[in-house]
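Enquirer: I would like the entire structure built from these sequences, with the hints used as guidance.
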Amino acid sequence: MGSVMLQSKDHRDLLDIIDTLRSKGISRYVNLPEIIVCDDQSAGRSSVLEAISGMSFPTKDNLCTRFATELVLRRDATPGVKVSINPGPERSVDERERLSHFHLEIDIVNPNLGSVVEKTKEAMGVSDTKVFSTDTLRVELCGPTQPHLILVDFPGLFRTGNRDQSIDDAATVRKMEVTESAGELALKGTRTLGFITQLDTLDTGSDSEASYLKLAQNKDVVFRLGWHVLKNRNYEMKDTSSAERDEAEENFFATGIWTPTDPTHLGVKSLKPRLSNVLKDQILHLLLKDVESTISECQSRLERLGTPRATFEEQRRYLLRASQDFSVLMNAAVDGIYNNPLFGSAKTEEGYQKRLRAVVQNALTDFEKDMLLKGHASSLNSVSRSDYINEVRGLMRKSRGCVPLGTFNPLIIDIAVGAKEFILHAVYRGAQTMLDHIAVDETADGIFWIISGGIDTLKSDLNQKVTGLLDPHCNGHPITYNLYLTDNVRKARSDRRRCRFEGILKASLGIGSIEQGYKYRVTLKKFIDNVSVLAIEHCYVRRYADDDRRLIL
Numbered sequence: 001m002g003s004v005m006l007q008s009k010d011h012r013d014l015l016d017i018i019d020t021l022r023s024k025g026i027s028r029y030v031n032l033p034e035i036i037v038c039d040d041q042s043a044g045r046s047s048v049l050e051a052i053s054g055m056s057f058p059t060k061d062n063l064c065t066r067f068a069t070e071l072v073l074r075r076d077a078t079p080g081v082k083v084s085i086n087p088g089p090e091r092s093v094d095e096r097e098r099l100s101h102f103h104l105e106i107d108i109v110n111p112n113l114g115s116v117v118e119k120t121k122e123a124m125g126v127s128d129t130k131v132f133s134t135d136t137l138r139v140e141l142c143g144p145t146q147p148h149l150i151l152v153d154f155p156g157l158f159r160t161g162n163r164d165q166s167i168d169d170a171a172t173v174r175k176m177e178v179t180e181s182a183g184e185l186a187l188k189g190t191r192t193l194g195f196i197t198q199l200d201t202l203d204t205g206s207d208s209e210a211s212y213l214k215l216a217q218n219k220d221v222v223f224r225l226g227w228h229v230l231k232n233r234n235y236e237m238k239d240t241s242s243a244e245r246d247e248a249e250e251n252f253f254a255t256g257i258w259t260p261t262d263p264t265h266l267g268v269k270s271l272k273p274r275l276s277n278v279l280k281d282q283i284l285h286l287l288l289k290d291v292e293s294t295i296s297e298c299q300s301r302l303e304r305l306g307t308p309r310a311t312f313e314e315q316r317r318y319l320l321r322a323s324q325d326f327s328v329l330m331n332a333a334v335d336g337i338y339n340n341p342l343f344g345s346a347k348t349e350e351g352y353q354k355r356l357r358a359v360v361q362n363a364l365t366d367f368e369k370d371m372l373l374k375g376h377a378s379s380l381n382s383v384s385r386s387d388y389i390n391e392v393r394g395l396m397r398k399s400r401g402c403v404p405l406g407t408f409n410p411l412i413i414d415i416a417v418g419a420k421e422f423i424l425h426a427v428y429r430g431a432q433t434m435l436d437h438i439a440v441d442e443t444a445d446g447i448f449w450i451i452s453g454g455i456d457t458l459k460s461d462l463n464q465k466v467t468g469l470l471d472p473h474c475n476g477h478p479i480t481y482n483l484y485l486t487d488n489v490r491k492a493r494s495d496r497r498r499c500r501f502e503g504i505l506k507a508s509l510g511i512g513s514i515e516q517g518y519k520y521r522v523t524l525k526k527f528i529d530n531v532s533v534l535a536i537e538h539c540y541v542r543r544y545a546d547d548d549r550r551l552i553l
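According to the UniProt record's numbering, the stretch in the sequence shown is residues 1 to 553, in order.
Worth double-checking, as some hints may not be accurate.
[Stated by the list, open to error] For lysine-lysine, the following DSS-like pairs were computed, each having C-alpha atoms within a straight-line distance of at most 27 Å:
1) Lys269 / Lys238
2) Lys24 / Lys82
3) Lys269 / Lys219
4) Lys289 / Lys219
Worth flagging that the hints you see were computed from the coordinates, not collected in a lab.
It should be emphasised that the depicted structure is a prediction, and the values quoted were computed from it without experimental measurement.
Expert: Structure follows, in structure tokens:
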């Protein structure tokens, strides 16, 4: 299947639009699709580009690419070549202006980049002291047989320095953003098309040849886009024409081990339309999603920016709208209604942290577990009877003249305060997130500074409430009228075998009877409920939702 069949007008127009957008600098905001050619040095990248474009690339054995080359191929009835330089990000304004005037003429009949590369290196300042440049050489090649492609050739990757290339030079190449992105994608294999070249160096019938055949069939290193096989020029054919090169390649694949291989995966003639389709079909839909996402972000920012507000009345209307939006979001978060896009997905940690009701409920559940696990004053472990009696006697001697052990554990203060502080932080974080959603950053920070005073007032009230709930357990005796206590005491009294155990408890732990043990359980549950309902819920969370508009206005 020839390349002409796959190069439709719509396809051409589409890639022309992408190229125009790139020339306007849109690639700073949206990742425009292009085919990136990168590999280790001396891996045959230049030979691949030459086979695709028909343009001669410098391929000396001791020469490597010193800068990125963007090759734009377009089908056009009129042949033409245009050469320019896109300045790198570190260039000054004056340097950008100077490089923007760089243009060269190339022989269209026999285009050769050899002389162009030397003049480009001079313009970029590449020398013995500056081996690599972050500038990009852009070559636009038009002709009636050219495919519609955009390819970028990066300097070959190398890990160690030598006489001509230092470790710093290696770091310069690795820092090229697109090179790193391509390397990451190559590891995943999602957007990578592998190339196999220099097949004429393999011995016919050898294990190496069989291994490369397996690789070409995508059975070894698997890429979603598969592999493509090329036979590039060897040293003896370095001066042959592109037509002679293509003919030698066709003859090579017509015989031997490669004949059963899918012909669309062999040779440069099938490679051109394959790359065009990859650019159009495999990558374009990602571009559309990226553009739609960027447009949505811009629209959201415009909405958050609001209308002009030069007058006091306009500013007041803006704050009124912000307060209304904030009130709706805060009440939704408190009530657990997460329909607004702000709350995102509950499957992500970011989405969960925005769901205030879920965060509060889970925090209070954890608070209850901590209280039941750590809120008691003493822990009883399984021991033998003799060891237990000796332990009790020791405790009795050591406890003489000291305050007897009771049911209060000072650790419950830390547990209660920890739960309170966690929820306070969740509310602060939720308020900031909601303000960022309804206003631009500068305005959101200003509004948050205003409402933080009201939040601090609620925080102070919550602290007083928690302190008040803790006070009876720290300084008094637990009192309850809960029927749950009466029922459990009645059950306890029916078990006569525990009478002796009561004496041990009284002597060792300061608990006068089984009744007091059950009273502790009732008190603990009551304390957990009071902190959760009276303090956290009614004194803070619910009041915060009710007072949010007042906090702003």
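Enquirer: All hints are to be evaluated individually against the structure, with a verdict given for each.
Expert: Hint check results:
The hinted pair formed by Lys269 and Lys238 meets the criterion: a straight-line CA distance of about 19 Å does not exceed 27 Å. Taken as a hint, the Lys24 and Lys82 pair is honoured in the structure, with Cα atoms around 17 Å apart against an allowance of 27 Å. The hinted pair formed by Lys269 and Lys219 meets the criterion: a straight-line CA distance of about 24 Å does not exceed 27 Å. Under the criterion of a C-alpha separation no larger than 27 Å, the hint pairing Lys289 with Lys219 is inconsistent with the structure, at around 31 Å.
Violation of the numbered hints given earlier is confined to hint 4; every other hint is satisfied by the structure.
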